[in-house]
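> Each chain, letter by letter, is given below.
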Amino acid sequence: MAEIKGVLLPAYVLADESGSMGPYREELSEGLVSLCEGLRAEPMVAAKLRLAVLGFADDVQVRLAVADMRAETSLPEVVIRGTTRYRAVFDDLRQRIPTDVQWLRGQGYKVHRPVVFFLSDGQPTDGDGWRRSHALLVDRARTPTAPNIIACGIGSAEARTMLEVATRPEFAFVAVPGADIGRAISEFFHSLTASLVSSGQALNSANPQLVVNRPDQFTMAIDEVGL
Amino acid sequence: MSPDGAEGTPSPLPWQRIAVGAPGVEFEARPPGEDVLDVPDTECDGWSTAGLTVRLASVRGAHHRYYGKPRQDAARAVPHTPTGAVVFAVADGVSSATRAERGAGEACRAALERILLQLAWSPDALDLRDVARHAAEQLRRLVRGRLDPAGPSTAEVAGRYATTLVTGLVRPHPDGPVVELCRIGDSGAWLLDSRRGAYWPVFPAKTGSDALLVSNEVTALPSVPAALEQATLRLTPDQVLVVGTDGFGDPLGDGDGQVGALFARQLAAPPSPLWLAHVLDFSRETFDDDRTLLAIWRRSPAPPR
Chain A
310 MAEIKGVLLP AYVLADESGS MGPYREELSE GLVSLCEGLR AEPMVAAKLR LAVLGFADDV
370 QVRLAVADMR AETSLPEVVI RGTTRYRAVF DDLRQRIPTD VQWLRGQGYK VHRPVVFFLS
430 DGQPTDGDGW RRSHALLVDR ARTPTAPNII ACGIGSAEAR TMLEVATRPE FAFVAVPGAD
490 IGRAISEFFH SLTASLVSSG QALNSANPQL VVNRPDQFTM AIDEVGL
Chain B
147 MSPDGAEGTP SPLPWQRIAV GAPGVEFEAR PPGEDVLDVP DTECDGWSTA GLTVRLASVR
207 GAHHRYYGKP RQDAARAVPH TPTGAVVFAV ADGVSSATRA ERGAGEACRA ALERILLQLA
267 WSPDALDLRD VARHAAEQLR RLVRGRLDPA GPSTAEVAGR YATTLVTGLV RPHPDGPVVE
327 LCRIGDSGAW LLDSRRGAYW PVFPAKTGSD ALLVSNEVTA LPSVPAALEQ ATLRLTPDQV
387 LVVGTDGFGD PLGDGDGQVG ALFARQLAAP PSPLWLAHVL DFSRETFDDD RTLLAIWRRS
447 PAPPR
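If you're matching them up, the sequences are chains A and B in order.
Per this note's numbering, residue 310 is the first one in the first sequence, and the count goes up by one each step.
Per this note's numbering, residue 147 is the first one in the second sequence, and the count goes up by one each step.
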């Protein structure tokens with residue numbers, strides 16, 4: 310192992326930009342801004358993270374390429390459009406994550422297992438087509454850089470689907486029935502910031518662990534499904 | 147009278163933090179809490195026996211300084227006068243353990259006591275597995291005394307006191323000092339060739355250089371692996387034994403970069419203990435773990451600096 314510049318946690322925020330998110334565009338944008346500002350307020354933690362923000366609908370579009378939030382000055386802007394194609398997300402991540410990991414390693418860093426925060430307000434509109442791509446993405450034998458996925462469902466996103474997307478049952482959440490969706494989105498980003506700060510703090514320990522905080526206004530999806 | 151005080155009063159410049167590459171954030175450290183009475187921010191020690199010179203330092207990392215947590219590394223060294231050996235231990239408390247700093251300190255103390263006891267019984271034999279088991283048992287006793295007289299589970303002990311440990315001794319020998327050591331967990335040991343500035347790891351790295359991602363798995367006391375990692379080696383005239391926690395080992399890497407060059411220069415001859423602590427407290431972005439380093443040299447005929 311040659312001398313390294315540091316050990317980084319690549320974190321990806323997948324924000325649903327499909328048409329049904331239209332009424333909540335403001336909360337989505339404000340949530341992303343608060344995430345970026347929250348990380349800038351913790352420079353020692355931010356130094357150990359690289360954050361990407363991706364918007365998804367019919368396809369995936371980069372709102373913030375893998376960035377050091379201490380130096381990043383632009384803020385991600387969401388664009389509401391299209392339908393909710395989950396397969397586009399997992400196809401994209403299967404290409405993007407290994408490339409990003411190799412790039413970071415090429416820059417002289419070691420890399421922790423990446424983490425994906427997935428927020429959707431609807432069931433996939435591409436049927437079952439996403440499942441094979443998702444399975445390939447999270448299979449550590451076939452995708453050595455397979456990420457941990459935290460899935461949060463709001464609106465019509467179902468608990469069972471979030472459980473399928475998340476890589477561990479305790480990583481799947483859905484908004485409590487009747488929750489204000491705009492507020493749930495805000496809480497998602499508060500929790501996301503707290504999770505990244507906590508995980509960033511734990512990264513230097515002898516036993517670093519991904520720390521996931523349940524957002525207010527959300528319950529564990531497994532409790533809703535009753536498995 | 148000079149502006150700085152009486153004529154002839156020394157006016158040295160304060161030591162500046164040593165930056166290696168991009169430095170980390172500078173700030174005033176927060177205290178570790180009122181229940182941490184005996185773990186200072188920084189410790190250092192240094193002395194020589196007839197045949198060996200020892201230096202050690204342990205400094206709280208920027209992360210623990212910033213968030214008001216105690217240093218969770220520990221190191222101890224003692225001489226065994228009848229044999230001229232130096233007995234040492236270095237430990238890194240696992241931060242998920244609630245009293246990691248106590249676990250690290252206790253593991254070092256228990257290891258040293260057990261090795262000294264073994265030397266008293268049989269000066270030529272050393273059973274490092276017994277030493278590791280004894281250290282693990284001492285951690286269990288700490289929990290037993292506090293919580294459950296029936297005996298705690300391994301998980302309970304680990305949750306409170308889990309720690310890595312590298313321990314062993316260096317014996318003087320006419321052909322060169324002989325090192326015997328073992329480790330549990332991801333702390334490391336190296337032979338530093340002080341003439342070439344090269345580091346030879348005594349134990350394999352925790353993550354192979356070709357691994358895409360770093361591993362999050364670490365074995366720690368009170369668990370003692372069935373295949374305990376042990377090594378026996380001899381120090382050549384140019385070699386220094388270096389033992390360190392991953393707060394030192396991670397930025398060191400293979401030792402062929404800036405951190406390796408810094409320590410190769412600074413350890414070419416035994417530095418003062420305070421200076422070693424200062425050097426070990428170097429600033430390098432993202433490397434904010436506690437750092438501990440213990441080094442042992444063959445006694446040089448020249449006086450230490």
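Honestly, the hints are just simulated from the structure, not real lab data.
Virtual Cβ for every residue (Gly too), placed ideally from N, Cα, C.
Among the clues, some could well be false.
To be verified - Some chain B residues judged to face chain A by a derived CB distance under 10 Å, without partners named:
#1 Gly170
#2 His209
#3 Ala344
#4 Trp346
#5 Pro397
#6 Gly403
#7 Arg430
> Hints the structure violates: just list their numbers, smallest first.
Those not satisfied are hints 3, 4.
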